[in-house]
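Participant: Following this note's numbering, the numbering of the sequence shown begins with 1 at its first residue and continues without gaps.
No lab work stands behind these hints, which were simulated from the structure alone.
Mixed in with the good hints there might be a few duds.
Stated by the list, open to error - In silico EDC-like links for lysine to aspartate or glutamate, alpha-carbon gap of 20 Å or less: (1) K28 with D93; (2) K122 with D15; (3) K105 with D22; (4) K105 with E9; (5) K122 with D50; (6) K122 with D39; (7) K28 with D39; (8) K122 with E3; (9) K28 with D59; (10) K105 with D50; (11) K122 with D93; (12) K28 with D214; (13) K105 with D214; (14) K28 with E171; (15) K105 with D39; (16) K28 with D88; (17) K28 with E9; (18) K28 with E134.
It should be emphasised that the depicted structure is a prediction, and the values quoted were computed from it without experimental measurement.
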Amino acid sequence: MIEILTPAELARAEDTGAVVADILQALKRRSTVGTNLLDIDRWAQTMIVDAGALSCYVDYEPSFGLGPFGHYICTGVNDAVLHGRPYDYTLADGDLLTLDLAVSKGGVAADAAISFIVGDAKPPESVAMISATERALAAGIAAAGPGARIGDVSHAIGTVLSEAGYGINTEFGGHGIGSTMHQDPHVPNTGRPGRGHRLRPGLLLALEPWVMADTAELVTDADGWTLRSATGCRTAHSEHTIAVTGGGAEILTSPERARP
């Protein structure tokens, strides 16, 4: 299903996006050396409830997962890139942490992810990988104007990632979003321009370039959820929910929307 939101629904989407941005930025500030992933999950739960929002994850039970996700945020450390299920792990200096959050408020969902390095150590390879996903995300957003096609967005993302030297996995990518978290159209992280669904105002997309340092192959943890690099290499993931408008694309989950 591909939803086109009304102006009233888009206004609610802006509110939901601000909630997601607010929580992610707060969690980033609190995620320091010695922080446990389960604490991050508990903090996320509290902030979601306090914002009057609902988690899109806790009861999420898709065909590719093992039972309900059971947590309020995805926490991926180092080689864990997608669907990272929080567990009893204490963050160390130099860990590469990805936080992925989706909530619903007012009947509209928003989804975003950030990757960053914990502590004072800043491994250059990790910094470069995070930067590549952020630049790819910006390129995808720039390509997502009215009349563009999904292939244009995918091509823009894939060009940045490929030129940075990363392999691209197309099993998981971006997606439509609206009254539910995951909708059509699928937005692969590489593609051919001029192909696919044509974008029009009112469409919400969650764009999410992600890469692994030296492979494009994923493996699944015994928890049935966490996806890791097949080689154990580090990974990075950046995501925003955007609204296609008459003049281009509006980022609903930008940090600038986060409340102080």
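Participant: When the structure is checked against the list of hints, which entries are broken? Sort them ascending.
Facilitator: 2, 5, 6, 8, 9, 12, 13, 14, 15 and 17
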